[in-house]
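S.K.: Sequence:
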Amino acid sequence: MEVLCAFSLLVLALLAYDRLVRRFFALPRPYDEIHFVTTEDGWRLALQRYRPCGEEERNFPVILSHGLGANRYNLDFGERSLARYLSMHGYDVWLFDKRGCGMSEQ
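Under the numbering used here, the first residue of the sequence shown carries the number 11, and numbering increases by one thereafter.
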């Protein structure tokens, strides 16, 4: 009986933890488009796009690139992210995963 109670408490704790993690780390708005480009050396690079949704559309796109040890999610982490901010102000925003990062694969 004690083992069953302990197991039940463990399951409830894990479910509560999972719910908290999903609540605080989930991306609220998905990207508008995702594309994959294959390079000459066989890498398949992921490109994520946010279409301009501001009052005034700009004449040129913005390409955001992450740094070492990161992926495109470092530039798109919620409604206050740079990618979404630029998109809401009329820019056509593109994020991409470099070789070996995020959804890019060989």
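To be clear, the hints were calculated from the coordinates, so they are not data collected in a lab. Where is the CB? At the ideal position from N, CA and C, for every residue including glycine. Any given hint could turn out to be false.
To be verified - Label pairs and their computed distance ranges (CB to CB):
#1 Phe17 with Glu115: 38 to 46 Å
#2 Gly52 with Ala80: 18 to 26 Å
#3 Leu20 with Leu92: 34 to 42 Å
#4 Arg90 with Gln116: 42 to 50 Å
#5 Met113 with Arg68: 20 to 28 Å
#6 Pro71 with Leu19: 46 to 54 Å
#7 Glu43 with Leu92: 15 to 23 Å
#8 Met113 with Glu66: 27 to 35 Å
S.K.: So, for every hint listed, does it hold in this structure?
M.R.: Consistency of the hints with the structure:
Against the hinted window of 38 to 46 Å, the Cβ-Cβ separation of Phe17 and Glu115 comes to about 39 Å, which satisfies the hint. Distance hint check for Gly52 and Ala80: the Cβ-Cβ separation is about 23 Å, which falls inside the suggested range of 18 to 26 Å. Between Leu20 and Leu92 the beta carbons are some 40 Å apart, a value that agrees with the proposed interval 34 to 42 Å. Distance hint check: the CB atoms of Arg90 and Gln116 are about 33 Å apart, inconsistent with the given range 42 to 50 Å.
For the pair Met113 and Arg68, the beta carbons lie near 27 Å from each other, so the given range of 20 to 28 Å is met. Distance hint check for Pro71 and Leu19: the Cβ-Cβ separation is about 52 Å, which falls inside the suggested range of 46 to 54 Å. Our hint of 15 to 23 Å for Glu43 and Leu92 holds, since their Cβ atoms are close to 18 Å apart. Here the CB-CB span from Met113 to Glu66 is close to 31 Å, well matched to the stated 27 to 35 Å.
Checked against the numbered hints given earlier, this structure breaks only hint 4.
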